[in-house]
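Undergrad: Sequence:
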Amino acid sequence: MRWVSGSYSRRHIRLPMSEARDERDATAGSREPSAHSRASESSSRSDDNVDSVLSNGAAGNELDRFSTRHSMGMDAVAVEPTSSIVEIPDDYYERLAPSRKVVLVVLVSYCAFLAPISSTSVLAATPEVAEEYNTSGSIVNLVNALYMLFMGVSPILWGPLSQVYGRRMITLVTAVGFLASSIGTALAPNLAAFFLFRILTAFEGTSFLLVGSAVIGDIYKPVERGTATGWFMSGSLIGPAFGPFLGGVIVTYVSWRVIFWLQTALAGVALVGAYFVLPEKSEFPCLRLPSRYL
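Letter by letter, the sequence shown follows residues 1 to 294 of the UniProt record's numbering.
Keep in mind that the hints are not guaranteed to be accurate.
Cross-link-like lysine to aspartate or glutamate pairs, in silico, EDC-like; alpha carbons within 16 angstroms at most [unchecked claim]:
1. K221 <-> E128
2. K101 <-> E224
3. K101 <-> D218
Have a look at the derived ranges for each label pair, beta carbon to beta carbon [unchecked claim]:
4. R225 <-> S255: 40 to 46 angstroms
5. G226 <-> E128: 41 to 47 angstroms
6. L187 <-> M148: 19 to 25 angstroms
7. L187 <-> T252: 21 to 27 angstroms
Derived by calculation from the structure, the hints in this document are not laboratory data.
All C-beta atoms in this analysis are idealised placements derived from N, C-alpha and C, irrespective of residue type, glycine included.
Based on the sequences and whatever the hints tell you, model everything.
TA: As structure tokens, this is what we get:
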């Protein structure tokens, strides 16, 4: 009985201790979260930290942008926008009378007729020229090729010079040169002189094409240039078509040198017309523009 009683009493004493341990474990379990709950809490805490950083960064960026705008507003220098297209006022095109503009168009169209007709009028006289200088027709045709070559090269010079010294000055100088070269071609004693004067004729005559189009651009507004440009281009296009016909008629009845004497007379008319009709540089509206339009 005593052992049983002792055993019973021992078991009776042991039961409350196990219950106390269970209570402590339950209390500890309630105080310490599980691994899943710890992970969830850590994730939510990291999200809160990220949101906090982003919000602070956004606020910082707003402050930075504000300070930048403020500093630019205090220190910025106003810069006017620039453009490669400059509109010229209409009143600059109205300084010449309409009748004088028409006369100028007629003059530059006539001048544009000279160099092209000179390039083709001699084609009909190739056999006669070759016989005159004891050479072949291929050599004479080489002169025509050089004529066209120098027609393409000369605008490199006449374009800038006409802008600096004016349309009138360049037209008069080249008209004198064209006239003198035509006389030299008509009197050429040998093939070398014929080559030289033909090349000079091409070099001088091309300026009429360049200066003529520039004159039209100087006196007419862009919306009014169509008709004037059409008449001007007609001179440069009719010349090559009419040249062989004219040269053939002349060679049939007289010497081939008459072609260049006629060319000399045509150049003289252009020189006289440019002298009396073409305005000075100061009279061209667009060449008198203020510096902001140039």
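Undergrad: Taking the hints in turn, state whether each one holds.
TA: Evaluation of the provided hints:
no.: 1; hint: K221 <-> E128; result: 48 angstroms, violated
no.: 2; hint: K101 <-> E224; result: 11 angstroms, holds
no.: 3; hint: K101 <-> D218; result: 10 angstroms, holds
no.: 4; hint: R225 <-> S255: 40 to 46 angstroms; result: 42 angstroms, holds
no.: 5; hint: G226 <-> E128: 41 to 47 angstroms; result: 42 angstroms, holds
no.: 6; hint: L187 <-> M148: 19 to 25 angstroms; result: 23 angstroms, holds
no.: 7; hint: L187 <-> T252: 21 to 27 angstroms; result: 22 angstroms, holds
The earlier numbered hint that this structure contradicts is number 1, and it is the only one.
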